[in-house]
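*Asks:* Residue strings, one per chain:
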Amino acid sequence: MRDTQTNTAPLLSVRDLSVRFRTGDGLVHAVNNVSFDIDVGEKLAVVGESGSGKSQIALAIMGLLAKNGEASGKIMFDGRDLLHLPLGELNKIRARQIGIIFQDPMSSLNPYMTIERQLAEIVELHEGASRRDARKRALEVMDAVQIPDARARLDAYPHEFSGGMRQRIVIAMALMCNPRLILADEPTTALDVTVQAQIMKLLGDIQRDMGTAVVLITHDLGVVAGFCDETLVLYGGCIMEQAPTLSIFDAPGHPYTRGLLRAVPNIEDPAASLAAIPGSPPSQRKPPAACPFAPRCVDAVDACHLTLPDLDGDGSKRACLRPVEVLT
Amino acid sequence: MLNFTLRRLFAVIPTILVLIVFSFYLMRLAPGGPFTSERPLPPAVMANVLERYGMDEPLHVQLWSYIKNIVLYFDFGPSFSQKDRTVNDVIAQGFPVTLTYGFWSAIFVLVCGVPLGIIAALRHNGFWDYTMTGLAIFSQIFPNFVLAPLMVLLFTLSWGLLPGGGWNGGQWQYIVMPAIALGTSYMAGVARLTRGSMLEVLNSPFIRTARAKGLPERTIIIRHALKPALLPTLTYMGPVFVYMITGSVFIDVFFSTGGIGQDFIDGAYSRDYSILLGLAILYSLLTFALTLMLDLLYAWIDPKVRSSMG
Ligand SMILES: Nc1ncnc2c1ncn2[C@@H]1O[C@H](COP(=O)(O)OP(=O)(O)OP(=O)(O)O)[C@@H](O)[C@H]1O
Ligand SMILES: [Mg+2]
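Chains as they are written, first to last, in the working numbering: chain A, 1 to 328; chain B, 329 to 638.
The reader is advised that the hints may include incorrect statements.
[Stated by the list, open to error] Derived lysine to aspartate or glutamate pairs resembling EDC-like cross-links, with alpha carbons at most 20 Å apart:
(1) A/K92 x B/E545
(2) A/K92 x A/E127
(3) B/K632 x A/E160
[Stated by the list, open to error] To give an idea of the chain B side of the interface with chain A (calculated C-beta under 10 Å), a few residues:
(4) N531
(5) S532
(6) R536
(7) T547
(8) H552
(9) K555
(10) P556
(11) D630
(12) P631
Hints in this document: simulated from the structure, not taken from any laboratory. None of the values given here were measured: they were computed from a predicted structure. Backbone N, C-alpha and C fix where the C-beta goes; we use that ideal spot for every residue, glycine too.
Based on the provided sequences and hints, a complete structural model is requested.
*Replies:* Rendered as structure tokens:
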């Protein structure tokens with residue numbers, strides 16, 4: 001009985017997460033009342049344009065917000081609220097239970113340490129592995145992320161690797177302890193398209209083999225299509241739509257999602273013109289009182305500028321007064 | 329690395345030569361000379377003296393034999409103003425003294441400045457941070473020529489703890505005050521620099537990565553942040569050490585340590601060309617040696633620099 005219960009409880013449950021930054025000229029509301037769940041082994045995509053708050057969600061989960069940032073709400077993991085965990089306890093979860101792949105592989109590795117040390121110290125810390133065992137594990141993981149000639153390159157420094165290889169090292173880092181959840185923040189943005197595809201395939205294989213849950217953060221809907229079960233669309237720090245990935249592509253419910261899809265080139269219909277969404281991202285100076293997308297929305301009516309709609313619907317949820325299917 | 333060292337050593341030779349030629353002419357072109365005095369020497373005596381020091385020859389001939397003696401015998405020639413002493417004697421007597429308390433002063437600068445800077449960075453806006461700011465201001469108000477008399481006033485005259493001057497073969501009591509008076513303002517500089525770079529490093533993405541690994545803060549600082557945070561300090565220490573040695577004239581005079589600074593002053597007053605030139609060469613050799621040492625240290629810390637040295 002208890003077993004089934006723990007099995008059905010989500011692995012990670014984010015409730016009403018808000019992230020604010022204190023800055024020289026007032027508060028910046030980077031994330032507003034975001035809620036979502038991830039089940040064991042699930043793959044969730046978080047998409048949104050630059051500045052929509054994607055990275056801050058991942059950082060808040062890891063307790064790594066910048067000094068001037070503050071998160072409120074609840075982030076439940078294993079029955080504990082990560083936002084209120086003492087640092088010592090949080091440190092036992094970092095890397096061991098939740099791994100993170102940072103956005104920029106160029107700067108997120110320590111330039112003064114060998115790759116081997118940077119990987120090995122993780123299992124030395126969490127599993128009390130000896131230096132030798134830790135080195136062996138580092139080699140294993142480097143093989144797993146397909147770094148050619150891994151044994152010879154263990155003692156190299158980050159600057160001796162190409163961007164694609166560094167990205168693999170950053171992924172390897174997240175894998176060292178076989179965590180139950182991996183937060184992948186734009187793991188392929190810095191790379192060219194062919195390498196991008198390799199890395200995504202790699203992540204997919206690893207995910208399948210180890211049953212790890214993955215939150216894939218990206219602004220590239222093309223990357224999401226083949227990878228994630230569920231997609232969450234973020235705009236101005238608010239969730240606009242949350243739905244199974246297939247239905248997002250087949251029948252986007254929110255005008256913003258529709259706009260995003262139109263901005264992606266389509267191989268089947270290359271003649272269709274790419275349409276950028278006119279207007280610019282919302283100001284984050286005030287907490288949103290109305291739909292943040294309304295000023296750029298072609299379908300907006302007066303009510304859209306006055307009310308902040310709830311996220312609702314079943315299966316496919318959207319926060320919109322006039323979702324796409326109502327209009328057509 | 330060895331290659332790099334050799335290449336650097338070879339580059340030193342022409343630089344030093346240019347330096348010798350330049351300083352040689354510069355000094356000779358300045359009005360006055362070692363044997364001009366208020367009561368002019370009779371011409372016959374003057375000619376005699378000049379001949380004895382080889383100064384009756386044309387300048388370029390003098391320069392040539394000067395360089396030859398240095399290269400072949402490491403001999404900087406006789407002192408013009410101190411009878412029966414060579415420049416080598418003067419250096420051999422004064423330089424070890426200055427180098428000794430300069431060394432201890434540098435140790436003091438590092439041992440106090442670096443930890444203070446790190447603590448100030450970690451307790452950003454806390455007690456130690458303000459202590460450091462206070463120290464920085466203090467060292468601005470009390471440069472070494474104010475600090476030294478103040479220290480003598482307290483430690484020698486009031487409390488009788490330390491000797492007010494002299495050297496006495498370099499016993500530690502005689503080193504303490506010169507070293508501290510010389511180093512304090514640099515110590516504040518090192519603390520400020522270390523604090524700034526530590527703060528910057530702690531904000532860098534790879535430190536965030538280290539935090540994401542679950543490492544405790546202490547490990548993060550020692551293992552990940554310390555090396556990069558110390559690089560600017562290292563760069564700063566090279567020239568500072570040379571400044572400390574060359575700029576110690578006041579200390580040498582005030583504490584009567586018998587260090588090389590006193591000879592420098594005397595040499596300047598009496599137009600003792602050979603002493604001044606000898607010291608200039610010595611200082612530049614010291615600068616080269618230190619820069620080379622720092623570059624090697626840098627390469628040891630920074631793998632990127634190391635691989636670019638080939
Ligand atoms: N330290 C900070 N101080 C103030 N504002 C911040 C800070 N960090 C982030 N922000 C703001 O938070 C918002 C969300 O940033 P976030 O990094 O989550 O964007 P993102 O969706 O990951 O974008 P990208 O695709 O460019 O990575 C941005 O508007 C940004 O300006
Ligand atoms: Mg981001």
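*Asks:* Okay, which hints does this one fail, numbers in order?
*Replies:* When the structure is compared with the hints, none of them turns out to be violated.
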